[in-house]
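Q: So you can see what is in the structure, the chains are spelled out below.
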Amino acid sequence: MSFLQTLKIALRAIIDNKLRSFLTMLGIIIGVASVIVMVSLGQGATVGVTERIQSLGSNLLTINITGRGAHTALSYDQAMEFAESPHVSAVAPVISATAMAKYGNKNSADIQVIGTNSYFSTVRNFEVSRGRFLLAGDIERRRKVAILGAQVVEDLFGFINPLGQDIKINGQIFTVIGVLQAEGNTMMGSKDNQILIPITVAERLMRFRGVRTIYVQAAGPNEVSLALSEISAKLSKIFREDEEDEESFRVFDQTQVLEAIQETTRILTVMLGGIAGISLLVGGIGIMNIMLVSVTERTREIGIRKALGAKRKDILFQFLIESLVISGIGGIIGIFLGLLSSLGLANFMNMPLKTTLTVIWIAFTFSLLVGVSFGLYLANKASRLSPVEALRYE
Amino acid sequence: MLIELKDVSKIYRMGKIEVRALDNVSLAIEEGEFVAIIGPSGSGKSTMLNILGCLDAPSQGDYIFNGKNISKLHDNEMAEIRNKNIGFVFQNFNLLPKLTALENVELPLIYGGEKPSTYRRKAIELLKAVGLSDRIHHKPTELSSGQQQRVTIARALATDPSVILADEPTGNLDTKSGIEIMKIFQKLNEEGKTIVIITHDLSIARSTKRMVHIKDGKIVRNEKVEG
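Residue numbers (the numbering used here), protein chains in the order written: chain S, 1 to 394; chain C, 1 to 227.
These aren't lab readings, by the way, just hints derived from the structure by calculation.
All C-beta atoms, glycine included, are put in the ideal place defined by N, C-alpha and C.
Treat the hints loosely; a few may be bogus.
[Said to hold, decoys possible] Far from chain S, by Cβ distances over 12 Å, these chain C residues were calculated:
#	residue
1	Lys-6
2	Asp-23
3	Glu-33
4	Lys-84
5	Ala-129
6	Ser-133
7	His-137
8	Asp-174
9	Lys-187
10	Thr-194
[What the hints assert, rightly or not] Derived DMTMM-like pairs: lysine to aspartate or glutamate, alpha-carbon spacing no greater than 20 Å straight-line:
#	chain 1	residue 1	chain 2	residue 2
11	C	Lys-98	S	Glu-203
12	C	Lys-98	S	Glu-297
13	C	Lys-122	C	Asp-160
14	C	Lys-84	C	Asp-134
Put together the whole structure using the sequences plus the hints.
A: Right, dumping it as structure tokens:
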């Protein structure tokens, strides 16, 4: 008998038992769909976190100075000396404090005012959507200019164009020269609710000389650790740090944080995938269960077919193709359901999801594998039935 | 000689007890014969049918079918002989309930490797020959038992086998349909088909040409029916 005929017979059996076939498929459908959604969720989280962290600035080192004794901060010029290293491409020292801003009779809520220099834009990946960023001249000439976060603009100005307007920060007048690109909330606090001013002006405004936070951008991904050790060495010299003492400064490497978080989300993905994999396995057992019933129920049919001349392989392939088609179609429906739910979650629940082709393949292959292995077991069982006993079966 | 059983025994083991369903049976059936194997239930006639029909192999002895020793054949070769050389007519019809009459008749042709264009045409002709040309797309449940048995006969004839084996073919039929079915068998035999009917019903056996009485796994009498 030709393969095409066996296929026809198997398909016919599936169609003749629509409800049973569908119920069998259901396990696989749910299994495949949940694997796809779960893994997409995990991968989406990984990508989301990675993007957020990278948006803080690439190759970023953050220096925090706690200082010791009377020596609790670096001067702006000392901080800028880090830029002389060949491993460092830019340095942006920062002074920050909370303050109130006022435009006309409108007051803002508490806002973080950050004093920095022109390099801050590249180091921290801040861009202006309107106007311009701080320039070297603003720092040198201590111009009272300010760049506002998107939220600040909305609070103070509404629909009025803020560029060129004067605002008051802690009573001092600043001219708005730029607006930062809106970003939304991030896990590291929103940049929409900040005001950037020249660091030299900030020192006076906040009545504090020297910087305690410095952002340093390394020259490249491979220079990050070099820059880190060089800066640490310099700082040790400045603060005359010896090992027994409490540390007076800290240098963070952004990539370390990134790697730690990526590792966490990777574990999350594997875990979610594993849980979903179990449901796929349960789906497979469902196939086996129903096929088992179907083989028993159809013992007589097998006997009749054998009496009419069906060979072992004819029966074997009939049942094998049946379970293959059921798990295959179930797998395909599962893929569509999984993609659809992923899209739904991403769009309506605003969750970051990333579905890769690999996941789809793995889920589908696994469902087929489950179908084949369980199907093969039962098909073999069916094909071995003796025709005499099968015909006698009621 | 078409069918030849030489000292055939069939032994079943039920726990420690050995049951000889067939005990040293020898039987020869020539081509074109119309034979009834008759015996009470438990006499071994079903075992006889299973062995004659190549559904089961004898425990001892040889079964020569058409010059071939069946006792030594592999499963697949037995399946091929069932397909090409033996047509079964069962008491309870054994039609596949989800398939139409036409599809049921097509089955042996499909397993015999015929092309769709050929088996469809042949199956339609066969159903026509048993007078069911207007019922070919009906499922078994939509047919009377007499009609179902005619579908079974059409299916048995599909591959033009050397012998038709009928197991109590009239057992589930009313008298009228039973007579009709026996008429079909007689007509087929007149056309040269070898037919073996297994029955416990003497009146059925009498409408054949030879009766083989079987009891306790042994052939006790072998007589020609006086026409």
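Q: Which numbered hints does this structure break?
A: Hints 4, 11 and 14 contradicted; others consistent.
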